[in-house]
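Trainee: Below are the chains, spelled out letter by letter.
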Amino acid sequence: MIYIFLGVIVLGAILASVRFLLGPTSSDRVVALDTLTTMTTAFMVLLGLLFNRYIYIDVALIYGVLGFIGVLTIARYLEGGL
Amino acid sequence: MEIIVVIATIILIIAAILTIHYKDLVAAVVASSVVSLIASIYFYILQAPDVALTEAAIGVGLTTIIFMITLRKTRRMEE
Amino acid sequence: MMDIIEIIGYILASVGVLFLFLGGLGILRMPDVYNRMQAGTKATTLGAVGTIMGVGLIHPEWFFKTLIISLFILLSNPISSHALARGSYRSGIKLWQKKKIDAYKNALKKEKEKNEAA
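Protein chains in written order, with the numbering used here: chain A, 1 to 82; chain W, 1 to 79; chain X, 1 to 118.
These aren't lab readings, by the way, just hints derived from the structure by calculation.
Do not rely on the hints blindly, as some may be mistaken.
The list that follows gives simulated cross-link-like pairs (lysine-lysine, DSSO-like), each with its CA atoms no further than 30 Å apart [stated by the list, open to error]:
{"id": "1", "chain 1": "X", "residue 1": "Lys-100", "chain 2": "W", "residue 2": "Lys-23"}
{"id": "2", "chain 1": "X", "residue 1": "Lys-98", "chain 2": "X", "residue 2": "Lys-109"}
{"id": "3", "chain 1": "X", "residue 1": "Lys-94", "chain 2": "X", "residue 2": "Lys-105"}
{"id": "4", "chain 1": "X", "residue 1": "Lys-112", "chain 2": "X", "residue 2": "Lys-98"}
{"id": "5", "chain 1": "X", "residue 1": "Lys-42", "chain 2": "X", "residue 2": "Lys-100"}
{"id": "6", "chain 1": "X", "residue 1": "Lys-42", "chain 2": "X", "residue 2": "Lys-114"}
{"id": "7", "chain 1": "X", "residue 1": "Lys-65", "chain 2": "X", "residue 2": "Lys-112"}
{"id": "8", "chain 1": "X", "residue 1": "Lys-112", "chain 2": "W", "residue 2": "Lys-73"}
{"id": "9", "chain 1": "X", "residue 1": "Lys-100", "chain 2": "W", "residue 2": "Lys-73"}
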C-alpha cells in the first residue's frame with residue numbers, strides 16, 4: 001500500500017521535473033522547485049512510515065520549516081528589492 | 001525502491017548538467033537547489049537522517065540566500 | 001476502534017497522494033506562470049497536509065509531530081506563493097493571451113496616482 005503511495009508521488013515529481021526542464025522563464029523553474037520541496041516533505045514522511053522509525057520525521061520537519069526561505073529569497077530578488 | 005533510486009539518479013544528473021549549462025544565473029541557482037534536494041533524498045533512503053538534515057538545512061536555505069546576495073552585487077546574465 | 005482510525009488514515013493519505021499527483025500534472029499542463037503557480041501551490045498544499053495527517057492517523061503516537069509539520073506547511077506555502085507571484089509580475093512577465101481581466105495592473109496604477117498626488 002505504501003509502495004503505491006510512493007510510486008504516485010514519484011510520478012508527480014517526474015511531471016514537475018519535466019516542467020523544470022522545459023520552463024521558458026526563471027519563474028517557472030522556481031514554481032517547480034517549490035512544488036518539488038512540498039512533494040519531498042510528504043515523501044519523507046511516507047518513507048518514515050515505511051522504515052517505521054520515529055526519528056526520521058525530523059528531516060521532514062526541517063523541510064517544512066526551512067523549505068520556503070529559499071523561494072522567498074529568489075522571489076525578492078526577482079522583484080528587485082532584496 | 002530501486003526504481004525510485006534510478007529515477008532520482010537520472011533527475012540528479014540532468015539537474016547537475018543544467019547547473020553549469022544555464023546562462024541565466026537565477027536558473028542555475030534553482031538547478032543547484034534541486035541537486036541538493038535530491039541528494040538529501042539519497043541520504044534519507046540510505047538511512048542517514050542526520051546527514052540528510054544537515055544537507056536540507058544548508059542546501060535549501062543557506063546556499064540559496066548566499067548566492068542571491070552575491071548575485072545582487074554582480075550581474076544576472078553570464079556572457 | 002483502532003481499525004477505524006487506521007482505515008480513515010489510509011483514506012486520507014490516498015486522497016492526499018492523489019492531489020500531489022494532480023499538482024504535478026497541473027504544473028506541466030497549465031499555460032501560464034500564474035496558472036502554474038495556482039496548480040502547483042494550492043493542490044500541493046492540500047495533498048501534503050492530507051498525506052501527513054493520514055500518516056499521523058495510521059500511527060497515533062506520531063500524531064503531535066505530524067500536526068506540527070502540517071501547520072508549518074499550511075503557514076509557509078501561501079507566503080512563498082504570494083511573494084513569487086508578486087515578484088514575477090513586477091519583473092515583467094506577461095499574463096496569458098486569453099486573459100479576461102488584470103486587476104493588479106489597475107491597483108498599481110491607482111497606487112501610483114495616489115503617490116503622485118501626495
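Trainee: Each of the hints needs a verdict: does it hold here or not?
Mentor: Hint by hint, here is what the structure shows:
1. X:Lys-100 <-> W:Lys-23: The given pair, whose Cα atoms are some 34 Å apart, is violated under the 30 Å limit.
2. X:Lys-98 <-> X:Lys-109: 22 Å, holds
3. X:Lys-94 <-> X:Lys-105: 11 Å, holds
4. X:Lys-112 <-> X:Lys-98: 27 Å, holds
5. X:Lys-42 <-> X:Lys-100: 22 Å, holds
6. X:Lys-42 <-> X:Lys-114: Judged against 30 Å, a Cα distance of about 33 Å means the pair is violated.
7. X:Lys-65 <-> X:Lys-112: 46 Å, violated
8. X:Lys-112 <-> W:Lys-73: 28 Å, holds
9. X:Lys-100 <-> W:Lys-73: 39 Å, violated
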